[in-house]
Each structure stands twice: as structure tokens, then as C-alpha cells.
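Trainee: Sequence:
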Amino acid sequence: CCLQSRRWGSPDQGVPGEAEQPEPELVEVEVGHTALLKCGLSHAQGNLSHVDWFSVHKEKRTLIFRVRQGQGQSEPGEYHNRLSLQDKGTALALTGVTPHDDRIFTCQGRRRAQEHRIRLRVYKAPEEPSIQVNTLGISVNSEEPVEVATCVGRNGYPVPQVTWYKNGQSLKEEKNRVHIQSSQTEESSGLFTLRSVLQAQVSKEDKDAQFYCELSYRLPSGNHMKESKEVTVPVFYPAERVWLEVEPEGMLKEGDRVEIRCLADGNPQPHFSIIKQNLNTREMEEERTDDNGVLVLDPAQKEHSGRYECQGLDLETTTSLQSDQQELVVNYVSDVRVSPAAPESQEGSSLTLNCEAESNQDLQFQWLREKTGKLLAKGQMLQLHKLKREEGGGYRCLASVPSVPGLNRSQLVNVAVFGPPWMALREKKMWVKENSVLNLSCEASGHPRPSIVWSVHGAASEQDQGPQSVLSVLNVLVTPELLETGAECVASNSLGRNTTIIFLELAHVGLILLPPLTPIHFMSSTPDSNRTTNLSTSTVSPPARANGTSTEKKLTEPESKGVVIVAVTVCVLVLALLGAVLYFFYKKGKLPCGRSGKQEITLPPSRKSEFVVEVKSDKLPEEMGLLQGSNGDKRAPGDQGEKYIDLRH
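FYI, the numbering for the sequence shown is 1 to 649, going by the UniProt record's numbering.
Hints are supplied without guarantee of correctness; some may be wrong.
What follows is a set of in silico ranges between Cβ atoms, one per label pair, in the way DEER data are often shown [unchecked claim]: (1) E59 <-> K204: 55 to 61 Å; (2) S451 <-> R337: 30 to 36 Å; (3) R103 <-> G72: 17 to 23 Å; (4) S320 <-> L136: 23 to 29 Å; (5) S494 <-> M251: 51 to 57 Å.
If you're looking for bench data, these hints aren't it; they were derived computationally from the structure.
Don't be surprised by glycine CBs; every beta carbon is placed ideally from N, CA and C.
Modelling step: build the complete structure from the supplied sequences, incorporating the hints.
Mentor: Okay, here's the thing in C-alpha cells:
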């Protein structure tokens, strides 16, 4: 070892004639990758079997690796365990490259003159540049360049180059106008952080200017660049003009939400006040605004119409500015009135209604029926001829402005037609249960408005159904006395009285109470028909209407399967009994039928297959029952008050 040392000399000594050697071979690599250092010595005479590798940093040579007989050995130090032989000993691999490896490496053969130099270049792309704008803003009155923004590029190697841009145009140093100050900081990792500050004088035109910075750097693959986001710096400049703005635009109407605000072409905005001309004194008076200096009219009214203007005070220059006056018009429709205000008329006479309203625009009038919304007429006048009782009630006059959509007002008037009370029903029947609580209702209308009394005691309450209509509801307990007498509702006014009679019937199980004039049909089954006989009950015939104008409500009668079964059983028994009687008379020869020349009972052609037996009934029509066949045969008009049983074969 010592001999070898003497032969080769100290590793730290310089190599004679180094200055005369050619430029070193260039090798480029990114941080963290592996660099392959190839020794350029001649392969002849076993030159690569005995090689020493050195690193040169700040003109100091350091032995880092030895090759003996094709075997490599790493020297202690910063490159220990990071070097290895590659390509059969012709190259040295350096793993985990860092910025500190950016230097010259040499390989030296057995002879000192045999030396190959390698220049290792290390690169690292910086992070995305960040930019911080001056949020305090810049005044156009500043006499010197003021900081606009700061650009920072971190962890790059070597130091990247920075370029500033405004609206896409690069900025250069300009005396008293543009100044760029950049600095760099080396981290412990060997990477660099670049910090660049842009200072400039600005004008009013720069209020919307976009500033950004660009970092340029190199990698083994070539040149690259990264851009920051664009920023806008606040620029302060005095206002030169003030004006008024109204929202919404276009035609305004009463009820709208209207906002009046002042605007100026300065930054920051001056202190504003909104003034309005007093229509009586012609003096300008200041209006109260919200915290943002906006005058809100919600809802807008016709009194808000008038002349408005803005006044602005620049707090920095103490300059006062004034806008042009602007006319604000709030369109309106008001005081819609109908004459006569409370119209009354006799039935059969005529009535004229007239509508008036006030507006700053041309008006259009329409008459509508309040109950149905039907358009009756256009114009200020509505004429009603030959009034009928049902034509009483509400009529609405609608006054609108066609040129301002949605602007309209209306007035409702009720037409009263004189007459005695009208009843919704003259009489009605109700099916009830004994000892149950029942609500009886009665409705009447008329002019003057009728009052209602009941013939039975109970808790009564009234509800207005309209200006001339009333509904009375009576809460009663169903007692035997009430079942016997029923209830009578009496409505009266100064022109007369009218009544509604309510009949109460118990709902019996096994008994069907039917109206008069209804036949009973029994349909015998035929081979082609279903075995099940269809049975149904009829509904109560509607009672006569009072005045013939009210719509009658149908009453639903309770149904019971037991009732049908009992009725069918009774019919079958009656049929069997009649069949026995007929057979008895036939055997005795007292029945004129057959081929023996006896007289034949004549039937209509359509009823040849039917046998009819008439059974007189002395019961009241309301107590008669019905079982109607599925074919729905009707009775002849002369069969009123009688009960029939039809036998079909």
C-alpha cells in the first residue's frame, strides 16, 4: 500500500498538465436519478483492470472508488455505498444523485497520463410558482414604483430565471417606472428558492391589468417553463363622474321592489347621498339609504315618482361631484270605484253599473262574474237587463294598463235582487238511527237576507254563504217524537217566507221502503241465463225543488244483504202459493185456457210469455217495496199505485 502510494503520489495532488487537457465529457441527470459515468480510457493492455475514480470539488481531488483486477471498492466518505461498476467495469453508476453531486469526476488508469474527465450536471424542476399581490392597493398619485406582487419559486436546481408579465406582455427594467428585484436562498438539500418582487408605477388603465410571473429552467430533456396564476392589483384613482342607476329597468309599477344606487368612475367609490325634489317646495331633500348607500323602495308607490340625483364626496381629494337629475315614474292604478256602490233591483227590471279609476296611463276596463270568472263585458259600463234571481251576487270591475304588464286593480260589487227567501230544497228524506245525534242542514237565500228558525229544539248555527245566502245547521238527538213529526226549517224576510221539510225514517233490517209507482218484477231463470237472480233497490224519488232553481243533493239510502235475502224469500213463497192456486183452478176446469175451446186470456204480443197477476194494495205509496230484474222493464203509465209480480217462462 505504501509502495503504491509512493508510485502514484498523494491522491490530493494535482495532475501535471491538467490545463492542457480537453473539455470534460458532459453528463446530465435529474435529482434522485442514477448517473452513469463512463471511463473513456483505451481498453488496450488491460487499462480498465486498474482504475481510480476521483471527484473534483473546489479544485480538490478526492479518491472515491478503486478498480483492481476488475473488482471495485468504494472509499469511505460521502459516496460510500452509492457507487458500483457497470458495463463490465467500463462505467461507474452513481445512485441517488443530489445537487451536491454537481461537479467533475475523473477516472485515471495505471499511468497518470491516462485520465478521462466527466462533468456531471444536476437538474431539478422548481415547484409551481406562487404569487402574492399587494392587497393594500396602489394609488396613481404615487411618485415612485410601488410593490405590485411577489413571485416565489421553491426547490429548483439550478436557480431558475424569472420573467414578469402584464396583460401577456413581458416587463423590463425601466427607470422610475418598473423595477424587478430578485434573490435566492439555498436550502440544506442544495436546492434553491427564488424570490422576485415587481415594483411599478400604475395608472387608471391598470385597474383591470393582469400580472403574473414565469419561471424558466432546464432539464436533461431540454428547456421548460412554469407560470403563476394571474392577479389584479387594486388601483386607487379619483372619480371624475357620478351617475344614477335604477333597478329594475323599464316600466315600473306600484308594488315593485325598486333600488336606486349611485355609481362613480373612481376607486374607491366616493361617499354618496341620494336627494329627491320635493314636489311642493321644489327643494332637493336627502333620502334615507341603507348601509350600502342604496335607496330601496319596497313596495314602490306613486308618491315615489319624481326627480332624483346623486351627490358624491371624494374623501381623499375632498372633491364634490353631482350627477344629472333622473326622472323616476311609478305607474299606478288607484281609486277603482263602482256606482252604485250597493246596487239593488227588483226581479225583471234592468240595472246599470259604472266603473271608474285613476291612473297616469290609459286604462282598459273589464267586467267579470265573481262566481265563475267569466268575462261579461269590456268598457266602463255593465248593463243587466231583465234581472233574474240567480243573477244576483258578485260582479268585479277590473281596471288595467295594457302598456304595463301586471298593473291592474279591481273592485267587487254585490248586486242584490229583491225577493222572498229561496230554499235549496222543498223537502228531503233522511235515513237515521234512533237515539243517534244528527246534523240537519237548511240553506236559503234572498234579499233582504233571510233568517232561519227550526220547528224542533236543538243547537243551531248559521254560516254566511254569500251576501244574501245563509246556511243553518241544527244538531239534534233522534227521538221517537222527532221521527214522528220530522223537522221544518223556516226562512223569512220582509218579503215573505219559505220552508224546507225534512222527513226522518228508521233504517230497518229486512225491510225495504220504496217510493210509489214502482213495479215488482221477478225474473225466472232460463237455461241460457245465470242461476243467480240479480236483485237491486231503487233510490228515493227526488222531492220537488223550491223555486226550481237550486241543485238538489242526492240522498244515499243504506243497503243490507239481509234485506235482499228476506225479500227474495217472501217472493218465492208468494210465487209458490200462486202456482198452487192456479193449478187448482186448472184441474177444476174453471180456468179458461188450453185447446178445449175455452176463452184465452189475451196478452200483447210482446208479453205472450208472461203471466201477470194483479194484487191491489191499500198501503201508502211510500211503504211499497221494489225488486227490479236485471232487464230493467218499465211499468205502463196507468199502473200507478199498484204492485205487480211478473212470471216469465
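Trainee: Indicate, hint by hint, whether the structure satisfies it.
Mentor: Evaluation of the provided hints:
no.	hint	verdict
1	E59 <-> K204: 55 to 61 Å	58 Å, holds
2	S451 <-> R337: 30 to 36 Å	31 Å, holds
3	R103 <-> G72: 17 to 23 Å	20 Å, holds
4	S320 <-> L136: 23 to 29 Å	26 Å, holds
5	S494 <-> M251: 51 to 57 Å	52 Å, holds
Hint compliance for this structure: every hint is met.
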